[in-house]
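Starting from the given sequences, assemble the full structure and let the hints guide the process.
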Amino acid sequence: MKIAIYYGTETGNAEMLAEDIATELEDAHETSVADLAETAPEALKAAELNVIVCSSYDDGDFPASAKPFVEKLNDESPDLSGVRFAVFGLGDSEYEATYGFGSMKLADLLVACGATTLGERIVHDAAGDDLPEDLALPWLAGILETA
Amino acid sequence: MSAKIAIVGGGPSGCYTAQALLKRAPDLEVDVIDALPVPYGLVRYGVAADHQGTKGVARQFARLFTRQKAQFFGNLRVGEDVSLDELRAAYDAVVLATGLSADRPLGMPGEDLPGVIGAGALTRALYEHPDATDLPHLGATPVVIGTGNVAIDVLRLLAKTPAELHGSDLGAGPSDWLAAQGIERITVIGRSPAAAARFSPVMVKELGELSRAEIQVRHPAPEAEDALNLAAAASSGPLPIEFRFETRPLALEATESGLRLTVETPEGEDRIDASSVISAIGFTCDGRLDRAGLLAEAEAGAASRLYAAGWFRGGPTGAIPQCREEGQALAARILEEISPDPARPGRGLFAGRAGVVDFDHWQQIDAQELAAAPEDRCRRKFARREDLLRPALSQDE
Ligand SMILES: Cc1cc2nc3c(=O)[nH]c(=O)nc-3n(C[C@H](O)[C@H](O)[C@H](O)COP(=O)(O)OP(=O)(O)OC[C@H]3O[C@@H](n4cnc5c(N)ncnc54)[C@H](O)[C@@H]3O)c2cc1C
Ligand SMILES: Cc1cc2nc3c(=O)[nH]c(=O)nc-3n(C[C@H](O)[C@H](O)[C@H](O)COP(=O)(O)O)c2cc1C
Chain A
1 MKIAIYYGTE
11 TGNAEMLAED
21 IATELEDAHE
31 TSVADLAETA
41 PEALKAAELN
51 VIVCSSYDDG
61 DFPASAKPFV
71 EKLNDESPDL
81 SGVRFAVFGL
91 GDSEYEATYG
101 FGSMKLADLL
111 VACGATTLGE
121 RIVHDAAGDD
131 LPEDLALPWL
141 AGILETA
Chain B
1 MSAKIAIVGG
11 GPSGCYTAQA
21 LLKRAPDLEV
31 DVIDALPVPY
41 GLVRYGVAAD
51 HQGTKGVARQ
61 FARLFTRQKA
71 QFFGNLRVGE
81 DVSLDELRAA
91 YDAVVLATGL
101 SADRPLGMPG
111 EDLPGVIGAG
121 ALTRALYEHP
131 DATDLPHLGA
141 TPVVIGTGNV
151 AIDVLRLLAK
161 TPAELHGSDL
171 GAGPSDWLAA
181 QGIERITVIG
191 RSPAAAARFS
201 PVMVKELGEL
211 SRAEIQVRHP
221 APEAEDALNL
231 AAAASSGPLP
241 IEFRFETRPL
251 ALEATESGLR
261 LTVETPEGED
271 RIDASSVISA
281 IGFTCDGRLD
291 RAGLLAEAEA
301 GAASRLYAAG
311 WFRGGPTGAI
321 PQCREEGQAL
331 AARILEEISP
341 DPARPGRGLF
351 AGRAGVVDFD
361 HWQQIDAQEL
371 AAAPEDRCRR
381 KFARREDLLR
391 PALSQDE
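Going down the list, the protein sequences come from chains A and B. Using the UniProt record's numbering, the first residue of the first sequence is number 1, and each one after it goes up by one. Using the UniProt record's numbering, the first residue of the second sequence is number 1, and each one after it goes up by one.
Mixed in with the good hints there might be a few duds.
[As the list claims (entries may be wrong)] Simulated pairs of lysine to aspartate or glutamate, EDC-like, Cα-Cα distance not exceeding 16 Å: (1) B/55 / A/129; (2) B/69 / B/358; (3) B/205 / A/129; (4) B/205 / B/242; (5) A/67 / A/38; (6) B/23 / A/20.
Read the hints as simulated data drawn from the structure, not as lab findings. All values reported here derive from a predicted model rather than from experimental measurement.
Have a look at this one:
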């Protein structure tokens, strides 16, 4: 199965994780990595597994590189039925009231456009001790088993 | 043919530029040179001790040296330990990303009185920068001049209880110092109207959530939804933090008990007694490099093979996301303009030099600092240069 990995980032942590995921999977799967800033919603394909890594900013807002993509989802409401995606969030529990909101809002928008979520969205906590890849790789392996 | 690029300054601007260069052209020889024995600039010594999440970008920067094959040359101050001309002779391009470390002067009578300290100097002391001055005595009623994010960082640290500092990397000395200050009220002075203050709303919200803070605002923004007004409504601790907007500092004088600040307000001139004054009105060049001259050379075109990045280039305002964006743009430009000359020795320039810190030495320091962290801290920094240099010097022996 082809796995398309997208990232929405502001300081590059989500990009690094997206690359780590691709490196982990590239022996067994065909993979691609792209910035959401350079991605149109129609690029998400039903035949691929779409993995999205997205952080949060300023009071639960989207990171800069996810914003153009989000705008297109809002403005064009593309029909994404048949598209399957899994979202991994990057956040910081110090921002208690809006922890993981960027990834949550993005997942909600995709669902509103008809896409289907795979697995449970989880969020890496920058204030915690775990490394993002130590959470994301087992999470994705679980999703791949059922996909 | 692989080009050789020296990046002077291992803060966010230098590191993001290096990252973008190596991403586009993995075979480049990219060297990051820093005056300090440790990398990452203000990520280690400016970003607040209690904002560890923001420091997470250091993991990306570490990859530069562990995977992307950049090399770190620490404890080398360009302009003193090695000249810019030497660097330019050795590399195909030189990027100046040395930041702006000096506190911008208040520019008023009394600015040099004892009891006046810049926020840069204060945060360097709090975060145990090896060149920091001693922590000053702030007294019961410090006044902070400036309403940017750095001012809010200082306010937050001064207002936090010891428990609210758990999980940070604030050192034992600075933590004891904070607990011993006995601050009773803090006044914050800003020239602009409240609605035009530079701090970010999220930072103000966080301040309002502290258990001890009681935020008060003179000349508040008219909108009830203004972040500071919300924080004032939400906070009710024992430590008043009063923001006074549209208030211009005119002069400082010494009194028997401390300092007196004369200010101009919409109601006329006023005097504020202060046990100390912390200026947080921005940063400027420390004068060790000729910034204006070097920027002019860098702007003059590709023939100078000189580039400038980050705060050194654009002034002291952008945050880390902007360093990344600009670093990517600069990397693209350098790759368009560079013309490699194999005769240039690159990092060969430093061969056999004693006292140079490489990335492996930093990883030893990093591991030791993490391992030495007490229960309620995530790291225990080495504060003295000699301790930071130990791995490099023991190798030289
Ligand atoms: C107190 C404070 C708190 C901040 N908090 C945040 C925050 O929470 N979030 C955020 O996004 N931004 C924050 N910022 C802004 C952020 O730190 C800057 O945007 C960023 O550090 C600028 O990067 P730089 O690489 O240009 O400079 P710097 O980070 O200052 O790096 C410059 C490097 O150059 C080195 N150097 C200097 N002179 C020489 C020389 N002659 N030779 C060799 N090396 C040299 C220095 O040692 C240093 O390592 C904060 C800034 C300050 C001052
Ligand atoms: C100013 C600022 C605001 C933030 N706001 C939030 C937030 O509201 N919710 C959250 O979960 N994380 C928040 N974060 C944490 C980031 O999402 C986290 O550091 C993440 O690792 C950044 O990843 P990136 O580099 O890919 O953008 C914030 C971080 C900063 C610096």
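Ascending list of hint numbers which this structure does not respect = Number 3 - this is the single hint that the structure violates.
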